[in-house]
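Peer 1: Fit the two chains together into the complex; they arrive one by one in their own frames, and the hints show the way.
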Amino acid sequence: MSVWADVVGQPEVVDELQRAVDDPARMTHAWLLTGPPGSGRSTAARAFAAALQCPQGGCGECRECRTALDGSHADVTVLATQGLSIQVKDARELAALAQRSPQVGQWQVIIIEDADRLTERAADALLKALEEPVARTVWVLCAPSLEDVIVTIRSRSRHVRLRIPSVEAVAELLHRRDGIELDTARVAARAAQSHVGLARRLARDEGARSRRRSTLALPAGLRGLGDALRAAADLDTLAKEESASSTGERDAAEKARLLEQLGADPAARTQPPYIRSQVAALERDQKTRATRLSRDVIDRSLVDLLSFYRDALVVQWGGPVELVNADLRMSVQDLANALPPEALVQAMDAIGTARERIEANVAPLLALEAMMISLQAVGAPMT
Amino acid sequence: MTSVPPLVLIAGPEQVLAERAVESTLALIREVDAGAEVVRLDGPAYEPGALALHTSPSLFGGTTVVVVRDLDEGTDDLLEEVVALAADPPMDAHVVLVHKGGNRGKRALDALKKAKARVIEAPAVKSDRDKGTFVTGEFRVARRRIAPDAVHALLEAVGKDLRELAAACAQLIADTTGTVEVETVERYYGGRVEATGFRVADAAVAGNASEALRLLRHALSGGLDPVPVVAVLASQLRQVARVAAAGRGSSASLAKELGMAPWQIDRARRAAAGWDGIRLGRAIQAVAAADFEVKGGGRDPVYAVERAVLTICRERQG
Ligand SMILES: [Zn+2]
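The listed protein sequences correspond, in order, to chains A and B.
The numbers in UniProt numbering rise by one with no breaks, and the one at position 310 of the first sequence is 310.
The numbers in UniProt numbering rise by one with no breaks, and the one at position 173 of the second sequence is 173.
Keep in mind that a hint or two might mislead.
Stated by the list, open to error - In silico contact screen, one side only, chain A against chain B (beta carbon under 7 angstroms); selected entries: (1) 259; (2) 262; (3) 263; (4) 357; (5) 370; (6) 373.
Derived from the structure by calculation, the hints contain no laboratory data.
Think of the CB as a built atom: it goes at the ideal place given N, C-alpha and C, for glycine as much as any other residue.
One chain only, chain B, in its complex shape (with noise of 0.2 angstroms):
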């Protein structure tokens, strides 16, 4: 007998931590059945009366495992035939229900969480501290380490999307040994746009105008597109100056209140110091203009941005 109760309940937002849910309760069921079979639905296209067709006792005995996907958005006969499901758990199949969150289906969902079905949350990973906290623990998983300056690496290369942050720590933790290093991360990804961004932006916030204009200058004749750069450098200035705005307090707690990690708090308060809030919020309007300008309100974007990378550089200087 397996582990795995009849009802299986993968709730959140996170697609990628709901798939590796389903993957590994399929995985846990396989254990005890190694031929169990996989039916997957899909909650909007759902027809009338297929749960109770795939759960039904099978002539051959083998265990059934239905994967019901977007139970969100499913239809109403689907979210009836759950209620019903849950009154009545099946004997020799597993149902595996996935919810993305919001309103719909909560008679469903409660009625779920009434039959004791095993709830499995996939919470959003959104802010960089649970996405930081996220590729630790990909590391842990793997009895792999990865130093606190490596992760903030690669969520300045990589960390926008998830699924990609994890293809990343997958290949790290494949193609290396022992513990990643910055320096690794770097060789990996650091040609990628953001990782540009992010120097140049670095450069900028600390007042090195010659060190900022060579890597965007050399970003830029290498065919890298000024939009993104002047995404990075709004969201660089804008926790300088939230950091700074909330005053003291330690990082570990700072950064439960902005959504950000340690390592950014103690980052973004370095840079901080050499700033006041009136030259800070002149070097936000400034990069405001250029994103205007890039976007087509002005003529010439590598020009606009390399102004804003100026005139950032002149508001540190003072």
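Isolated chain A (complex conformation) (with noise of 0.2 angstroms):
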């Protein structure tokens, strides 16, 4: 099975890097693979790392192909953050480690999963990298979109854009690699739209299922300005948890490992100045990235309530395109009856202000009040 075999949905993407990988005329030091959340942008770049580093350029069953994306090939380098942004200290030790040859295969491959999360200065740091190739380096930046990374950067590298994968090709994938049934995947697959990850959970998680259903099935509970307050709360506190219950375990492993880095006496009363600092620094980045985890859970959530009121002005319009929803067609239908198209289309209008306002940091849960109560006034289905 060749190493692409989990890029779905992508050959034109797969056809420029191999041929890249085939012809050294063809290929560069620095791509820049863009593509919107759960297209693969990561997934690409390690098969791009495989195939590079692959005698028969990928043929992903070989040694080199299998560790390159395990992720434990001495030459194959991932920067992947969690929700901080990417520091000067990283970049440096990137650009550091670009100067170097690789130590058993082909090419030294330095991947940074989300170049749009490099600060300024840490832009700078990676610049004469990238302005001054080594031989036998190659980086491979990822982002949502050309528009999110610094443009120093951006006019350095080749650009590679992923698209949204079908949905036929995200249940392919998640039946042939995950085991699931074809029918579950597709359900799952188009309710996720196309986001690989989100639909493998859909289909496997009854958790995040139900916490869709119940996402779901919101506006039809509001009656009153106390059933938009709670449902708006509900939602809020549901991603709060859903964030703290994946952070909380890295957190103290993280924090575990920071003492030992640092030498720290654990018996010590207080800890050295230096000490306390770096945790407490190390507890701001954790807080920050459970307060994004968050918002990123809430933004999910906003984004399968949008596609409720879409698939129910599709079902207005009779048209035939597929509904996202389809597994809920009958709660589609009774939104649909229930609302003419210019409530579905105000009631879009506030789901899609209030992940404006909460993107620009606006108290999550005074947005979703603000738009539980649009969404009530603008009017719910019949339960």
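Peer 2: Given below as structure tokens:
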């Protein structure tokens, strides 16, 4: 099986990258892969790294391929951030690494998963490395879109754009890779709007499915202001809980590792100031990450909600467009019967406004309250 | 012999309470052995064997107290050793373990409870109701009294952070005599951002536009950041709306249900009298729009918050 097997629905991208592997004339030292969340940017970057290291250009079977794909290849370095920005220190380390020749492989491959999170100063630290190619070093930067990347970085790399894969392509991947039954996989892929990771979670995790169902059931329960505020509070609490449950253990492990690295004396009554300040900095970062994660969870719920109103519009038009929420067709139909198209559009605007506000740092609960009040005002289907 | 058993577990997320529990446990032990040696260990940075090392009988016969923080973030070694320790509690030592909550270390917790460890709870103090109880408790322990509306003023001024609240209580207890009244709290903490925000919000929610604007302009010209003012506007309207939506019922039962203090319920009820759901909803929406503007979405944060205040007043007047 080829290294590209998990890069779904991106034939042009695979073609371009494979040709670069095969033909030195098509190779360049810095690549920028863009695509919306869930389109498989980092999967594509790792596959590219594997193909570059493989003596056969990406057989998917050999040791080079396997280690590059699972992240253990000595000459494939992946910088992945979790919600934090990429700091100048990390960038400098990578720039230094870029000067070295590969130890075992054919290339020194450096992947930056969230190039959109490079701080201005971190980007500056990379510029020189990107400007003056080193013979066997290749950079692979990933970001949601070109606009998200600092312009100086953009102009020094070759751009490859991933698109949103088709529902069918995502479903096939879930079926083949994760052994999920094809029908289930299709429903999940559609509900997740082709976001591979989300689709997988929806197909496998009952918790994720029930969260989605309860989110989509919210509009029907909005009878008054009290309901609207309660719905907003529920959504906000759910997101915080999900964020806390997925960060708690990692936070503790990071703190333990930091204390170990600093050689801190665990028995010390109080830690010396330089250790305290580093621990405090880590805890600040962790808090930022938890906040960001909980916002991401809220945004996902809002995208679900948006798709629900959009589906109702689609039903009203009677066009041949597939519903995102095909598995909840009855509820979509109820909504379409209850509200005129203008009201559906107003509801979608309210959801869009809430997303914008939360992105701009408005207190999530307040933004959700304003949105739920609008959704309640435009009207709800009878239950 | 001290009354403190060899094993003490302090469980719960509230750090202020947990620290106090540690200190009061140490004090009890010191009543018996003033020279007790205290060793402090940190769960995430635990070095294997440290527990056994410090709890083994000492040549000099003194008491050792081992305080282990962040058991819930402890290494696997630590958790294993705590289980072993519970099976065979030390003779001349005390081990005080602090666990903030969560599932990690559950086996160790169960073992401790089975070994009859003293368990001291440090429950989260989050709702205003809990904080009010906390404040009156602080005064009661000091054999002092604080008036209910003074509790309310204190929570509004410094109620965000329990540590700060505890410090404020300590200061009031130390600096004043007799029952602490609202005027005293105002004198000490009335200038805080939160307190000003609350006064603006109270005036706006009551529909008193000229008073709300006067207070707001005065505060902003004194350099007050509009962001926390917007946050207070939102929380006040939210309370009014939730209390209004909850309908009848005693203040006490509603307080429990909504996680608010009874005086907050009464006040929100009085404020809710001139409102209906639709106008309250619009007022909340105006505040959400203002929050966006004061956080960089608009050109003029001061204007944004003034407009929100005026919108609230207009909606209140109907
Ligand atoms: Zn290979």
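Peer 1: Indicate, hint by hint, whether the structure satisfies it.
Peer 2: Taking the hints in turn, this is what the structure says about them:
A least Cβ separation of about 4 angstroms between residue 259/A and chain B falls short of the 7 angstroms threshold, and the interface hint therefore holds. Because the closest C-beta pair between residue 262/A and chain B is about 9 angstroms apart, greater than 7 angstroms, the hint is violated. Hint status for residue 263/A relative to chain B: violated, with the closest Cβ pair at about 10 angstroms, above 7 angstroms. For the restraint placing residue 357/A at the interface with chain B, the shortest Cβ-Cβ distance is roughly 5 angstroms, inside the 7 angstroms limit, so the hint holds.
Proximity of residue 370/A to chain B holds as hinted, the smallest CB-CB distance being about 3 angstroms (cut-off 7 angstroms). The beta carbon of residue 373/A is positioned within 7 angstroms of a beta carbon in chain B (closest approach about 4 angstroms), and the interface hint is therefore held.
Going through the hint list in order, the structure does not satisfy hints 2 and 3.
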